[in-house]
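Q: Sequence:
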Amino acid sequence: MKTAISLPERIFREAERFARRFRKSRSQLYAEAIAEYLARHGSNDITESMNSVCDRLGTVEDKFSRQAARRIVSRESW
Numbered sequence: 001m002k003t004a005i006s007l008p009e010r011i012f013r014e015a016e017r018f019a020r021r022f023r024k025s026r027s028q029l030y031a032e033a034i035a036e037y038l039a040r041h042g043s044n045d046i047t048e049s050m051n052s053v054c055d056r057l058g059t060v061e062d063k064f065s066r067q068a069a070r071r072i073v074s075r076e077s078w
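Numbering (the working numbering), first residue to last: 1 to 78.
Derived from the structure by calculation, the hints contain no laboratory data. No experiment lies behind these values; they were computed from the predicted model shown. Each hint should be verified, as a subset may be incorrect.
To be verified - Listed next, with one range per pair, are the computed distances between beta-carbon atoms:
hint: 1; residue 1: Phe64; residue 2: Glu36; range: 37 to 43 Å
hint: 2; residue 1: Ile11; residue 2: Asp62; range: 49 to 55 Å
hint: 3; residue 1: Glu61; residue 2: Ile34; range: 39 to 45 Å
hint: 4; residue 1: Ser25; residue 2: Ser65; range: 27 to 33 Å
hint: 5; residue 1: Ala68; residue 2: Ala19; range: 23 to 29 Å
hint: 6; residue 1: Phe12; residue 2: Glu48; range: 31 to 37 Å
hint: 7; residue 1: Gly42; residue 2: Ala68; range: 25 to 31 Å
hint: 8; residue 1: Phe12; residue 2: Glu76; range: 34 to 40 Å
hint: 9; residue 1: Ser43; residue 2: Glu9; range: 28 to 34 Å
hint: 10; residue 1: Gln28; residue 2: Ser49; range: 28 to 34 Å
hint: 11; residue 1: Leu57; residue 2: Leu29; range: 40 to 46 Å
hint: 12; residue 1: Asn44; residue 2: Ala15; range: 24 to 30 Å
hint: 13; residue 1: Ala39; residue 2: Pro8; range: 21 to 27 Å
To be verified - Lysine to aspartate or glutamate pairs mimicking DMTMM-like chemistry, simulated, CA-CA at most 25 Å apart:
hint: 14; residue 1: Lys24; residue 2: Glu9
hint: 15; residue 1: Lys63; residue 2: Glu76
hint: 16; residue 1: Lys2; residue 2: Glu16
All C-beta atoms, glycine included, are put in the ideal place defined by N, C-alpha and C.
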């Protein structure tokens, strides 16, 4: 599908240089950039859904769950 967008001149020039350097068409570069943006921000929908469920169910904190969560989070590389 064809579409027209407006970009600031600086971003357009950088995108053109990037596309040439990596031998991509402008369309391919923009499609990949948008796909990556959507993938990164789409996970927010999952987080919002999980938060909604937790809000409806309420939370019960117990020592075991708190300690297990700390162990799991401490292993993550942020």
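Q: Next step is simple, just say for each hint if it's right about the structure.
A: Hint check results:
{"no.": "1", "hint": "Phe64 / Glu36: 37 to 43 Å", "result": "holds, 39 Å"}
{"no.": "2", "hint": "Ile11 / Asp62: 49 to 55 Å", "result": "holds, 50 Å"}
{"no.": "3", "hint": "Glu61 / Ile34: 39 to 45 Å", "result": "holds, 41 Å"}
{"no.": "4", "hint": "Ser25 / Ser65: 27 to 33 Å", "result": "violated, 51 Å"}
{"no.": "5", "hint": "Ala68 / Ala19: 23 to 29 Å", "result": "violated, 47 Å"}
{"no.": "6", "hint": "Phe12 / Glu48: 31 to 37 Å", "result": "holds, 33 Å"}
{"no.": "7", "hint": "Gly42 / Ala68: 25 to 31 Å", "result": "holds, 28 Å"}
{"no.": "8", "hint": "Phe12 / Glu76: 34 to 40 Å", "result": "holds, 37 Å"}
{"no.": "9", "hint": "Ser43 / Glu9: 28 to 34 Å", "result": "holds, 32 Å"}
{"no.": "10", "hint": "Gln28 / Ser49: 28 to 34 Å", "result": "holds, 32 Å"}
{"no.": "11", "hint": "Leu57 / Leu29: 40 to 46 Å", "result": "holds, 44 Å"}
{"no.": "12", "hint": "Asn44 / Ala15: 24 to 30 Å", "result": "holds, 25 Å"}
{"no.": "13", "hint": "Ala39 / Pro8: 21 to 27 Å", "result": "holds, 24 Å"}
{"no.": "14", "hint": "Lys24 / Glu9", "result": "holds, 19 Å"}
{"no.": "15", "hint": "Lys63 / Glu76", "result": "holds, 21 Å"}
{"no.": "16", "hint": "Lys2 / Glu16", "result": "holds, 18 Å"}
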